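Residue 22 is where the sequence shown starts when you use my numbering, and the numbers rise one by one after that.
Calculated from the structure, these hints are not laboratory results. All figures in this text were calculated on a predicted structure; none of them were measured in a lab. From the three backbone atoms N, C-alpha and C, an ideal C-beta is built for every residue, glycine too. Don't take every hint at face value.
Listed next, with one range per pair, are the computed distances between beta-carbon atoms [what the hints assert, rightly or not]: (1) G48 - K101: 23 to 33 Å; (2) G109 - I86: 27 to 37 Å; (3) M22 - G48: 31 to 41 Å; (4) E90 - Q67: 17 to 27 Å; (5) G112 - D35: 29 to 39 Å; (6) E122 - V91: 25 to 35 Å; (7) D78 - R125: 15 to 25 Å.
DSSO-like mimics (lysine-lysine), calculated; alpha carbons at most 30 Å apart, straight line [what the hints assert, rightly or not]: (8) K115 - K101; (9) K23 - K53; (10) K53 - K32; (11) K111 - K23; (12) K47 - K117; (13) K46 - K101; (14) K53 - K115; (15) K23 - K47; (16) K117 - K101; (17) K101 - K47.
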Amino acid sequence: MKDWSPEDLQKNLDDGNKVFLKLWKKGCGACKLSIPAIERIEAADQSGMKFGQVCADDFPEILEIAETEVLPVFFVFVNKEMRGRLEGFKGLEKLKGMVEEALR
22 MKDWSPEDLQ
32 KNLDDGNKVF
42 LKLWKKGCGA
52 CKLSIPAIER
62 IEAADQSGMK
72 FGQVCADDFP
82 EILEIAETEV
92 LPVFFVFVNK
102 EMRGRLEGFK
112 GLEKLKGMVE
122 EALR
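From just these sequences and the hints, can you work out the full model?
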């Protein structure tokens with residue numbers, strides 16, 4: 022998973038890519054716990070989805086845009102449309118289920 026700026030995110034959306042996005046903060050335990058699950062999802066992905074994360078410590082405005090204060094928060098975008106959203110890390114199966122549902 023790559024570290025993105027909001028501009029990187031916008032470029033991937035504008036390019037019409039399928040996008041998995043994680044918003045996180047440094048020092049967030051749940052954010053760190055989600056890393057192995059995301060790595061498994063990314064390794065198994067066959068859809069060509071782009072995986073990126075934006076750190077809210079570096080880009081605090083992203084939380085207002087996302088309309089959340091709960092971290093981590095995960096999104097899946099398909100054709101510029103948000104198709105999946107999950108607030109908080111609730112384990113691999115929940116995250117995987119959200120991604121699979123979003124890609125249908």
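Taking the hints in turn, this is what the structure says about them:
1. G48 - K101: 23 to 33 Å: Roughly 32 Å apart at Cβ, these two residues keep to the hinted range, so it holds.
2. G109 - I86: 27 to 37 Å: 18 Å, violated
3. M22 - G48: 31 to 41 Å: For G48 against M22, whose Cβ atoms are near 18 Å apart, the range 31 to 41 Å is violated.
4. E90 - Q67: 17 to 27 Å: Given range 17 to 27 Å: violated, Cβ gap about 34 Å.
5. G112 - D35: 29 to 39 Å: 32 Å, holds
6. E122 - V91: 25 to 35 Å: Violated - the Cβ-Cβ distance for E122 and V91, about 19 Å, lies outside 25 to 35 Å.
7. D78 - R125: 15 to 25 Å: 34 Å, violated
8. K115 - K101: With a Cα-Cα distance of about 23 Å, the restraint between K115 and K101 holds, given a limit of 30 Å.
9. K23 - K53: Answer holds: K23 to K53 is near 15 Å, not above 30 Å.
10. K53 - K32: Holds, at about 26 Å.
11. K111 - K23: Since the Cα atoms of K111 and K23 sit roughly 22 Å apart, the hinted pair holds (cutoff 30 Å).
12. K47 - K117: OK: K47 and K117 at ~23 Å, within 30 Å.
13. K46 - K101: Holds, at about 24 Å.
14. K53 - K115: Given that 30 Å is the threshold and the Cα spacing comes to 16 Å, the pair holds.
15. K23 - K47: 15 Å, holds
16. K117 - K101: OK: K117 and K101 at ~20 Å, within 30 Å.
17. K101 - K47: 27 Å, holds
Hint check: violations occur at hints 2, 3, 4, 6, 7; the rest are consistent with the structure.
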